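Generate the whole structure from the sequences, applying the supplied hints.
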Amino acid sequence: MDPDLRKKAEKFPNRPGVYIFKDANGDPLYIGKAKNLRKRVLSYFNPNVPDKIKAMLKEAKQVDCVVVNSENEALLLEANMIFEEKPPYNTLLKETRVYPFIVIVDDTFPYLKLVREKSIAGEYFGPYSDIGFARELMDLSFKIFKIRSCSIRIDGGRRKVCLEYHLGRCSAPCAGKISREEYMKSIENLKRFLKGDIDEVLEKLRDDMKRMADLLEFEKAGAIRDMMNKILKLLKPQNIVLPDDRKMDVIHFEKGLGVVLKIRNGFMLGKMSYNFDGEISEFLEQLYCTGKLDTPDELIVNLDPSDPSARLLKNALGIFRIGPPKDEMENRILEMARMNWEEEFKMMEDVERTLRKLADLLRMDRTPRRIEGMDVSHTHGILTVSSVVVFEDGRPNKREYRRYRFDEIKVPNDFEVI
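If you read the sequence shown in this note's numbering, its first letter stands for residue 1, the second for the next number, and so on.
Check before you lean on any hint, since a few could be wrong.
As the list claims (entries may be wrong) - Result set (EDC-like, lysine to aspartate or glutamate): computed pairs, CA atoms no more than 20 Å apart in a straight line:
| id | residue 1 | residue 2 |
| --- | --- | --- |
| 1 | K326 | E298 |
| 2 | K292 | E279 |
| 3 | K247 | E188 |
| 4 | K255 | E279 |
| 5 | K314 | D297 |
| 6 | K191 | D294 |
| 7 | K118 | D130 |
| 8 | K247 | D297 |
| 9 | K314 | E349 |
| 10 | K94 | E279 |
| 11 | K52 | D226 |
| 12 | K146 | E200 |
| 13 | K11 | D64 |
| 14 | K357 | D393 |
| 15 | K247 | D199 |
| 16 | K185 | D199 |
| 17 | K52 | D277 |
| 18 | K204 | D214 |
| 19 | K255 | E95 |
| 20 | K255 | E349 |
| 21 | K146 | D226 |
| 22 | K326 | D244 |
| 23 | K255 | E344 |
| 24 | K35 | E282 |
| 25 | K86 | D226 |
| 26 | K357 | E372 |
| 27 | K292 | D64 |
| 28 | K220 | E164 |
| 29 | K54 | D277 |
| 30 | K118 | E85 |
What the hints assert, rightly or not - Taking CB as the label site, the calculated pair distances span:
| id | residue 1 | residue 2 | range |
| --- | --- | --- | --- |
| 31 | N397 | K357 | 18 to 26 Å |
| 32 | S43 | E408 | 50 to 58 Å |
| 33 | E408 | M339 | 54 to 62 Å |
| 34 | I152 | L358 | 46 to 54 Å |
| 35 | V389 | L215 | 53 to 61 Å |
| 36 | Y401 | L362 | 17 to 25 Å |
| 37 | D277 | K54 | 13 to 21 Å |
| 38 | A121 | R363 | 45 to 53 Å |
| 39 | E164 | R356 | 45 to 53 Å |
| 40 | S281 | R356 | 28 to 36 Å |
None of these hints come from the bench; they were simulated from the model.
Because the structure is a prediction, the values reported are computed rather than measured.
Each residue gets a CB set at the ideal place from its N, CA and C atoms; glycine is no exception.
This is the structure:
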């Protein structure tokens with residue numbers, strides 16, 4: 001261990017903040033928060049620290065800190081720094097699958113997009129556990145609110161309307177078919193719809209259906225009726241879990257696996273699952289402080305409200321209530337989360353069993369955590385293309401998929417390509 005680390009820690013202030021242990025290259029090894037920076041960092045040099053900390057200190061060559069005004073600020077800063085830097089000695093939150101979001105992208109005339117990462121400026125809805133559900137929700141949004149799906153720049157010049165306009169799925173702001181004021185009203189209505197407030201939308205569609213029927217436009221009235229039925233099928237009967245409009249997340253966390261049921265306006269809008277090899281308080285911090293999930297008003301979880309981490313999280317995020325169920329209905333929903341956790345855990349165990357079996361078959365001394373598959377194709381030795389797919393912990397990681405071209409290779413040679 002570098003003796004200069006302790007000397008530097010002794011100069012840290014007795015104030016809240018975030019501390020960062022770094023390697024010789026200046027890359028973060030471990031990031032933590034503290035109510036008292038000096039006291040917390042000096043505790044790492046105690047001889048009785050866990051083996052993981054001892055291993056980290058052997059690699060550490062620098063230790064820095066960021067002073068903040070309060071413990072709440074330290075909590076939020078720590079979570080976001082861990083999310084951005086992904087230090088090797090921090091326990092990181094892992095999604096069991098990559099969940100999609102619907103985003104209303106910031107623009108003079110905002111447009112709608114389905115994404116898997118929060119990398120675009122805009123207002124996000126989700127994540128959605130079912131990609132099919134998200135796509136159907138997008139489809140309905142285009143049909144009802146006629147929001148554009150393209151990202152072309154609208155600069156006042158008139159364009160010809162595209163097929164989406166003729167299909168009744170876009171109001172064609174690019175061609176001046178709608179004013180910005182009217183378009184933004186549609187955006188506000190869309191936001192309410194995506195938040196689960198469907199009653200106003202259904203009422204408007206009923207009025208439109210009646211008007212079409214009065215005009216003897218029965219085909220159009222039938223299309224509106226079908227759209228209403230689709231909304232009800234997609235959002236209402238099987239998903240209603242609460243009789244009121246509470247914004248609530250219900251979580252069961254055990255054995256390194258957390259399942260989150262997302263409830264908005266009485267409807268269950270999705271189920272997400274995450275792997276996290278740490279304490280439940282750390283799990284909640286990485287889940288909400290980084291913006292991975294939008295913050296609910298209530299968080300139903302088996303965590304004592306008087307627990308310091310629960311109080312800190314509540315104050316930092318402005319959550320109205322964090323704690324266990326308080327009535328039979330909340331107990332029922334938490335039990336639903338537990339049952340979903342059981343199913344996810346069984347699947348996780350099946351994957352682990354398969355990976356161990358693969359390790360035995362290949363006579364490996366450890367379980368394969370990352371598997372890469374490659375394929376090479378060419379036309380008589382030219383126009384060579386290779387693709388790579390990646391599986392991590394038995395699941396596809398599509399962010400790591402790659403496709404390569406090899407224009408310089410003129411003869412068939414798969415080994416050279418690999």
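**OP:** Quickly compare the C-alpha distance for K292 and E279 to 20 Å and report which way the hint goes.
**Re:** With a Cα-Cα distance of about 18 Å, the restraint between K292 and E279 holds, given a limit of 20 Å.
Original post:
Does the alpha-carbon distance linking K326 and D244 stay inside the 20 Å limit?
Top reply: 16 Å, holds
Subject >> Hint consistency between K191 and D294 [alpha-carbon to alpha-carbon, up to 20 Å] >> reply: 14 Å, holds
Subject >> K52 paired with D226 [C-alpha distance capped at 20 Å] >> reply: Violated: K52 and D226 sit about 59 Å apart, past 20 Å.
Subject >> Whether the CB-CB distance between V389 and L215 falls inside 53 to 61 Å >> reply: Holds, since V389 and L215 (Cβ atoms, about 54 Å apart) stay within the stated range.
Original post:
Does K220 pair with E164 here, judged by a C-alpha cut-off of 20 Å?
Top reply: 17 Å, holds
Subject >> Pair hint K314 and E349, alpha-carbon separation not exceeding 20 Å >> reply: 33 Å, violated
Original post:
Given the hinted pair K146 and E200, is their alpha-carbon gap at most 20 Å?
Top reply: With a Cα-Cα distance of about 16 Å, the restraint between K146 and E200 holds, given a limit of 20 Å.
**OP:** With respect to the beta-carbon atoms only, verify the hint that I152 and L358 lie 46 to 54 Å apart.
**Re:** 48 Å, holds
Original post:
Is the straight-line distance between the alpha-carbon of K52 and that of D277 20 Å or less?
Top reply: 13 Å, holds
Subject >> 20 Å limit on alpha-carbon distance, applied to hinted pair K314 and D297 >> reply: 10 Å, holds
Original post:
Holds or violated: are the alpha carbons of K255 and E349 at most 20 Å from each other?
Top reply: Holds, at about 11 Å.
Checked against the numbered hints listed earlier, the structure breaks hints 9, 11, 25, 27; every other hint is satisfied.
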